[in-house]
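Visitor: For reference, the chains in residue letters:
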Amino acid sequence: MPETDKASVLHTVPHIALRRRITDHAMTGVAVLTVILVLVPLFAIFAYLVYRGVGSINWAFLTQTPKPVGEAGGGMANAIVGSAFILALASILGVPVGVGAGIYLAEFGRNRLGDVIRFTADVLNGVPSIVIGIVAYAIVVLSQKHFSALAGGVALAIMMVPTIARTTEEMLLLVPQALREAAYGLGIPRWRTTLSITLRTATSGVITGIMLAFARVAGETAPLLFTAFGNQFWNLRVNQPTAALPLQIFTYAISPYDEWHRQAWAGALVLIILIVTAVAAVRFAVRRGTFGAA
Amino acid sequence: MLLCGLAVLAMLVLIVYELVLRSGSSWRAFGFKFFAGRDWDPVNEQFGALPFIYGTLVSSFLALLIAVPLSIGVAVFTTEMCPAMLRGPLSFFVELLAAIPSVVYGLWAIFVLIPLLSNYIEPFLSRTLGWTGLFVGPPYGISMLAAGIILAIMIIPIISSITREVLMVVPQHQREAALALGATRWEMIRVGVLRNARAGIMGGIILGLGRALGETMAVTMVIGNRPEIAKSLFAPGYTMASVLANEFSEATGNVYLSALIEIGLALFLVTIVVNALARLLVWTVTRGQSASAHA
Chain A
1 MPETDKASVL
11 HTVPHIALRR
21 RITDHAMTGV
31 AVLTVILVLV
41 PLFAIFAYLV
51 YRGVGSINWA
61 FLTQTPKPVG
71 EAGGGMANAI
81 VGSAFILALA
91 SILGVPVGVG
101 AGIYLAEFGR
111 NRLGDVIRFT
121 ADVLNGVPSI
131 VIGIVAYAIV
141 VLSQKHFSAL
151 AGGVALAIMM
161 VPTIARTTEE
171 MLLLVPQALR
181 EAAYGLGIPR
191 WRTTLSITLR
201 TATSGVITGI
211 MLAFARVAGE
221 TAPLLFTAFG
231 NQFWNLRVNQ
241 PTAALPLQIF
251 TYAISPYDEW
261 HRQAWAGALV
271 LIILIVTAVA
281 AVRFAVRRGT
291 FGAA
Chain B
1 MLLCGLAVLA
11 MLVLIVYELV
21 LRSGSSWRAF
31 GFKFFAGRDW
41 DPVNEQFGAL
51 PFIYGTLVSS
61 FLALLIAVPL
71 SIGVAVFTTE
81 MCPAMLRGPL
91 SFFVELLAAI
101 PSVVYGLWAI
111 FVLIPLLSNY
121 IEPFLSRTLG
131 WTGLFVGPPY
141 GISMLAAGII
151 LAIMIIPIIS
161 SITREVLMVV
171 PQHQREAALA
181 LGATRWEMIR
191 VGVLRNARAG
201 IMGGIILGLG
211 RALGETMAVT
221 MVIGNRPEIA
231 KSLFAPGYTM
241 ASVLANEFSE
251 ATGNVYLSAL
261 IEIGLALFLV
271 TIVVNALARL
281 LVWTVTRGQS
291 ASAHA
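Residue numbers (our numbering), protein chains in the order written: chain A, 1 to 294; chain B, 1 to 295.
Check each hint, because a few of them may be wrong.
Which stretches of chain A does chain B cover? Using the computed rule of at least three CB atoms under 8 Å from a CB of chain B, they are [to be verified]:
| no. | region |
| --- | --- |
| 1 | 45-55 |
| 2 | 109-117 |
| 3 | 245-252 |
What the hints contain is simulated information worked out from the structure, not anything from laboratory work.
We put the beta carbon where it would ideally sit given N, CA and C, even for glycine.
Use the sequences and the hints to build the structure in full.
Guide: Laid out in structure tokens, this is it:
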């Protein structure tokens, strides 16, 4: 009996080991496969975007307003400027509040209220953008009685605040405590220390957070549908409907006209270039700066 | 500063207040029947949200079904298997997926994914898996299936970046202990890493779900926008977010608008619960670590 036992052990051990080795290799293969499957759409999207977009971008696209259906030519100049306008409004409203909230969380928020605000910010981050659009509609559009650039700006600002608040907090927490103590030791009041020492030291990190939030809302379409609404003409008045690049892409993409499809691709390429440039610049700046957290 | 902090709270309160206030007349008119009704008839002012709820749930779960294995695979590969040299570029590329705006995904889906589905994938699925009843009907491409696929591509970066983060905080000695017991690399990952990271990975998945539930533009562009409940994934559907996108600015009449806002309120409440749950899970795992700037 012991002999057969021994034999079976000798027979099974290499067998099991082989099976385990095969499983190990197979799982490595599966992991590589998932990476390939994830990267394929990414490259497919970029390749197709460049392929369709480059052929469609021309001087007219960047300088003219849309032509009526059926007429060739025209462009999205008003939408590009409109997007910039709405984003500027959103930044003016959202950045100070976001940075302020971040400062509060980092410097004064080590308590119950701080935890509540932190949690609220994270939850707000997950609210669907279309719901934010409804709220901006209810607050701004209903009281003004018409769609406006301001309403779009308010919607995007609400989306920017939580992101900026959380990244600002994180960046401020990276500033060494010794710096703050040194300032207190010199008799500098706390508010002054926060603004001139802590915030100043963390500037590059805070700007990173702002740029990330900016890049995130720059491509947003849903909250603009019934706030900024879109416009076929130039508009730079705060209380009038305004064109925006993502809105224009959406309208053109679901239209049945080839000429509009072509322009949608051109618009998408312009939008992507703007966003990727912003994200890449941020990554580059982060890697060079002192703050390597992102 | 405190004022800015309180502004964050105020925003949430404001969102709830406006949604509840403005959905009042629909609530009074339909009550709970609103969520069980299958008719969406703006002309006769009869509103039932069930087809939209169904569409949102089915498309999101379809997306999870596709995205979860892929995301975990990518996260495991980048943290445990790949050469250190590849790690940076790989996570950069996956992050890049997150930077593409929703409307651009939709554009790509209309002109690339839909033709691909209707010409190759859907005929193939209906030949091989038609007997399940999930893959029957004319393969037009525009379908629940298309919405699920595009959503999956969009939530992969979220799930995989959080999973990666969670895997990275698993203590190194767990891995060393598994290897010292003679485990192969995969066994080490399964026993030493994934098992310890379960709660955090779950959090990432739920966060992805939250994103999928509220995603609007890309879904609106491919799902077909028909308020019907069909078993086949080839049939067009409609989601809560896309009915808002399509009909909100054209809603005539108080009850119509109010019904749409009630859908918005329901969507908001669901995503709040889902996100709060996810955050709690991720927090318990990465507590003390950097909370990071994803999402």
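Visitor: According to a criterion of three or more residues whose C-beta lies within less than 8 Å of a C-beta of chain B, is the region 45-55 of chain A covered?
Guide: Answer holds; 4 residues pass the 8 Å Cβ test.
Visitor: With a C-beta cutoff of 8 Å, work out whether three or more residues of the region 109-117 of chain A approach chain B closely enough for the coverage to hold.
Guide: holds (count 5)
Visitor: For the region 245-252 of chain A, count the residues whose Cβ lies under 8 Å from any Cβ of chain B; is that count three or more?
Guide: holds (count 3)
This entry satisfies every hint, going by the numbered hints stated previously.
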